[in-house]
Amino acid sequence: MENLFVNMASGMRSLLASAGLPDAATNFVLMFLKLGAILVYILISALWLVYMERKVSAYMQCRIGPNRVGPLGLLQTTADIGKLISKEFIIPRCADKKLFLLGPILIFMPPLAVFAVAPFGKDMVAIDMNIGVYYFLAVASLSTVIVWMAGWASNNKYSLIGGMRVVAQMVSYEMPLILSIVGVIILTGTLNMSEIIRAQEDVWFIFLQPLGFLIYLIAGVAETNRAPFDLVEGESEIICGPFTEYSGMGFAMFFLAEYANVVLVSVMAVTLFFGGWHAPLGLTFIPSWIWFLLKVYGMIFLFMWFRWTYPRIRVDQLMEFGWKVLVPLSIANIFVTGIGKYLYQTIRW
Amino acid sequence: MTIKTEEFLLNLGPQHPSTHGVFRIILTLDGETVVKAVPVPGYLHRGIEKLAESRTYTQVIPYTDRLDYLAGMLMNWGYVYAVEKLMNVEVPERAEYIRVIVGELARIASHLVATGAYAADIGGLTGFIYTFRDREDIMDLLEMISGARLTPSYMRIGGVAADIPDGFIEKCRRFIDYLPDAIEEYNGLITGNEIFQARTKNVAVLSAEKAIDMSLSGPVLRASGVNYDLRKARPYSVYDRFEFEVPLGTKGDCFDRYYVRLLEMEQSAKIIRQALDQLPEGPIKGKVPKVIKPPKGEAYAEIESSKGIMGTYVVSDGSTNPYRVHFRRPSFVNLGYLDEMLKGWKIADVIAILGSIDIVLGEVDA
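In order, the protein sequence lines correspond to chains P and G. Per our numbering, the very first residue in the first sequence carries number 1; after that it's consecutive. Per our numbering, the very first residue in the second sequence carries number 350; after that it's consecutive.
Hints listed in this document are in silico derivations from the structure and should not be mistaken for laboratory results. Quantities reported herein were computed from a predicted structural model and do not represent experimental measurements. We treat Cβ as the ideally placed atom computed from N, Cα and C, and that holds for glycine. One or more of the hints may lead you astray.
As the list claims (entries may be wrong) - Below are the DSS-like pairs computed for lysine-lysine, each with C-alpha atoms no more than 25 Å apart in a straight line:
(1) G:619 x G:520
(2) G:559 x G:692
(3) G:559 x P:157
(4) P:98 x P:87
(5) G:692 x P:157
(6) G:581 x G:559
(7) G:353 x G:399
(8) G:353 x G:642
(9) G:634 x G:645
(10) P:97 x P:34
(11) G:434 x G:581
(12) G:600 x G:550
(13) G:695 x P:324
(14) G:399 x G:642
(15) G:636 x P:157
(16) G:385 x P:157
(17) G:550 x P:324
(18) G:636 x G:434
Unchecked claim - Under 8 Å between C-beta atoms, here's a sample of chain P residues computed to sit facing chain G:
(19) 64
(20) 88
(21) 89
(22) 155
(23) 157
(24) 228
(25) 236
(26) 237
(27) 238
(28) 239
(29) 306
(30) 310
(31) 311
(32) 312
(33) 316
Work out the full structure, taking the sequences as your base and the hints as a guide.
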């Protein structure tokens, strides 16, 4: 079980090699297979998360949630997506047609791209990049532009307000997000995701960087536009923000991309602070990739818990909190981490 | 190069998730800040007052259900109270007590909706579900006694339609005993939340003078610290026989307006408990002729509804139909100061302020 996927990959490789393919072509085919597997995982995960969200919210609200379509309602999301696909995709007359259509197509690009460096288990990284963390931060912030574009192209005032909020929120919360990760990077001295996980073999970084994790968590919730930072959608204020004019599959794409982003932020949190695929308490008989997924869905449950408990913060309070609380705190965290590391290295204290 | 900025119009409603119905506000915005707000009510106008003129006095009662449909009992009461005043009808004691019980139940139900909807306005949907869960018990109780959940048409001129059914009193007591626990839960989930407080405290502070000047009433007035509750200030029905307090706010901000309602629910429960204990035996309807033909004249009666002072003005020309009926709808009057209250706040606050006034569009537009 432990090496299920790794063995599958090496088996595929020897199969292709025995078929007489040159090395370069084998690598190429394998790369596609790996990325294809990740794509399938993200899409299934998004479907599952919509179901999970509905179930979690239902139990938090003394309801039962979907239980009609398929066993335990498991096919509910599939049915929903089927419905959304069959619905008309309305393009408003005054919208910028090209940009309006590009929005839902591009929105899945950043999360998909980032997953390439996600370490799902021991030796289970599609591309083991030595600047993995940097790549994650750089590509993940691209989705801001796409949401903004969708909001502006809709030519709707609610969408425009939502689009502006996206930019303001992302710019303000990317800062503490990046700075909170710096603490971990100081400790490990590397940007490679696998290296960071390896460094956590003895002790998870949440114990060394509790403040860093807290800041990452808050900024991460803000990055995914979920409550209490769901100002971008802010249903009770601006209807659905940038997605107001989208219908049918266009809306579903944004909807699913939100979940892909949630997985992404959780994957990063697990990688940086929860020891990645390392088994806690020596429970190594459970495969590493199962541990990894368990931790990820634990994080996601936390996000859902926030969403169904907290009300929404106001836009000026959001800015104030980001710049006046989170940024100074994360800088202080870097400072303390630096001093700690220096003391540790010089006097072995 | 200079960057030009300009204000823009945002049409909030009549179809918007948080205007509590079909209310419309035309906002002039500078970025996210409100520069000017023009409320436009009237999308749910059904002409109830005019319709009443072509119905008999009894037939008007179902129309009053549709005013404040979250507290239909109280609307019934306001109307029959005015007609009784016009006809000088004596209402039997038991009927008065039943009216108090169902009226206060309706008040709690209305405040539960206000509390839950306010949580949803601020962005926490879960609070909404919790208050609606408990409101369901009241709906069951009202259904037991009147046969309908929202539109009871339970009051009659001179009394009530039916006596208390078996099992009602026990069920009602059980609910009243449970209510404090539920309120504790709301306090944990909504009131005590840091973000909720940050969103509502010191937002749209309404001074006592201004509230009186604008003729506001109900929880909105009392949140500003004005001790004026008709049940206490000018007791009607049998309210002078109960012991209860009038919860007051201190600041008059959105939080106070929200919190006063929670406290009022506790007081309503207290009133219901006393009414159940004191409930006398006897008839449930006074001596009223089969055909109601009030003498020529006019009457104006006020009750304290869940939204404020609900006044009913009835003019009779001696026939079986009222010559004119007018309702002083508290939601509508309370909206009078909305445009000033919204000025200078953000879009998110618009929703918070509107929600704190707690309007029901059926009543605003009549």
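Hint-by-hint comparison with the structure:
Using a Cα cut-off of 25 Å, the hinted pair residue 619 (chain G) and residue 520 (chain G) holds, with the two alpha carbons roughly 16 Å apart. For the proposed pair residue 559 (chain G) and residue 692 (chain G), the alpha carbon gap of about 15 Å is at most 25 Å, so the pair holds. The straight-line distance between the Cα atoms of residue 559 (chain G) and residue 157 (chain P) is roughly 34 Å, outside the 25 Å bound, and the hint therefore fails. Distance hint between residue 98 (chain P) and residue 87 (chain P) is fulfilled; the C-alpha atoms sit about 20 Å from each other, no more than 25 Å.
The straight-line distance between the Cα atoms of residue 692 (chain G) and residue 157 (chain P) is roughly 19 Å, inside the 25 Å bound, and the hint therefore holds. Among the hinted pairs, residue 581 (chain G) with residue 559 (chain G) is consistent with the structure: their alpha-carbon atoms are about 22 Å apart, no more than 25 Å. For the hint pairing residue 353 (chain G) with residue 399 (chain G), the CA-to-CA distance comes to about 51 Å; that exceeds 25 Å, so the pair is violated. Proposed proximity of residue 353 (chain G) and residue 642 (chain G) is contradicted: the alpha carbons are some 68 Å apart, above 25 Å.
Restraint check for residue 634 (chain G) and residue 645 (chain G): the C-alpha separation of about 23 Å stays at or below 25 Å, so the hint holds. A threshold of 25 Å between alpha carbons decides the hint, and for residue 97 (chain P) with residue 34 (chain P) the separation of about 34 Å lies outside it, so the pair is violated. At most 25 Å may separate the alpha-carbon atoms for a hinted pair to count; residue 434 (chain G) and residue 581 (chain G) meet this at roughly 20 Å. Between residue 600 (chain G) and residue 550 (chain G) the CA atoms are separated by roughly 9 Å; this keeps the pair inside 25 Å, and the hint holds.
A C-alpha spacing of about 20 Å is found between residue 695 (chain G) and residue 324 (chain P), which places the hinted pair at or below 25 Å, so the restraint holds. Annotation: proposed proximity of residue 399 (chain G) to residue 642 (chain G) holds, straight-line Cα distance about 19 Å (limit 25 Å). Straight-line distance between C-alpha atoms of residue 636 (chain G) and residue 157 (chain P) comes to about 61 Å, which puts the hinted pair past the 25 Å bound. The straight-line distance between the Cα atoms of residue 385 (chain G) and residue 157 (chain P) is roughly 17 Å, inside the 25 Å bound, and the hint therefore holds.
Pair hint residue 550 (chain G) plus residue 324 (chain P) holds up; C-alpha atoms about 20 Å apart against a cutoff of 25 Å. Distance check on the hinted pair: residue 636 (chain G) and residue 434 (chain G) sit about 14 Å apart at the alpha-carbon level, within 25 Å; holds. With a cut of 8 Å, the hint placing residue 64 (chain P) at the interface with chain G is violated, because the nearest CB-to-CB distance is about 12 Å. This hint is violated: residue 88 (chain P) has a C-beta 19 Å from the nearest C-beta of chain G, more than the 8 Å allowed.
Restraint check, residue 89 (chain P) versus chain G: the minimum CB separation of about 21 Å is more than 8 Å; hint violated. Interface hint status for residue 155 (chain P): violated, as the beta-carbon distance to the closest one in chain G is roughly 13 Å, over 8 Å. Nearest Cβ of chain G to the Cβ of residue 157 (chain P): about 5 Å, under the 8 Å cut. The hint holds. A hinted interface residue such as residue 228 (chain P) counts as satisfied when its beta carbon comes closer than 8 Å to some beta carbon of chain G; here the least separation is about 5 Å, so the hint holds.
The closest approach between the C-beta of residue 236 (chain P) and any C-beta of chain G is roughly 4 Å, which is under the 8 Å cut-off, so the hint is satisfied. Because the smallest distance between the Cβ of residue 237 (chain P) and any Cβ of chain G comes to about 5 Å, under 8 Å, the interface hint for this residue holds. Satisfaction of the interface hint for residue 238 (chain P) is found here, the shortest Cβ-Cβ separation to chain G being roughly 7 Å, below the 8 Å cut-off. For the restraint placing residue 239 (chain P) at the interface with chain G, the shortest Cβ-Cβ distance is roughly 7 Å, inside the 8 Å limit, so the hint holds.
With a cut of 8 Å, the hint placing residue 306 (chain P) at the interface with chain G is violated, because the nearest CB-to-CB distance is about 11 Å. Because the closest C-beta pair between residue 310 (chain P) and chain G is about 6 Å apart, less than 8 Å, the hint holds. With a least beta-carbon distance of about 4 Å to chain G, the hint placing residue 311 (chain P) at the interface is held under the 8 Å criterion. Below 8 Å, beta-carbon pairs count as interface contacts, and residue 312 (chain P) has one with chain G at about 3 Å; its hint therefore holds.
For residue 316 (chain P), the shortest C-beta to C-beta distance to chain G is roughly 7 Å, which falls under 8 Å, so the interface hint holds.
This entry does not satisfy hints 3, 7, 8, 10, 15, 19, 20, 21, 22 and 29, going by the numbered hints stated previously.
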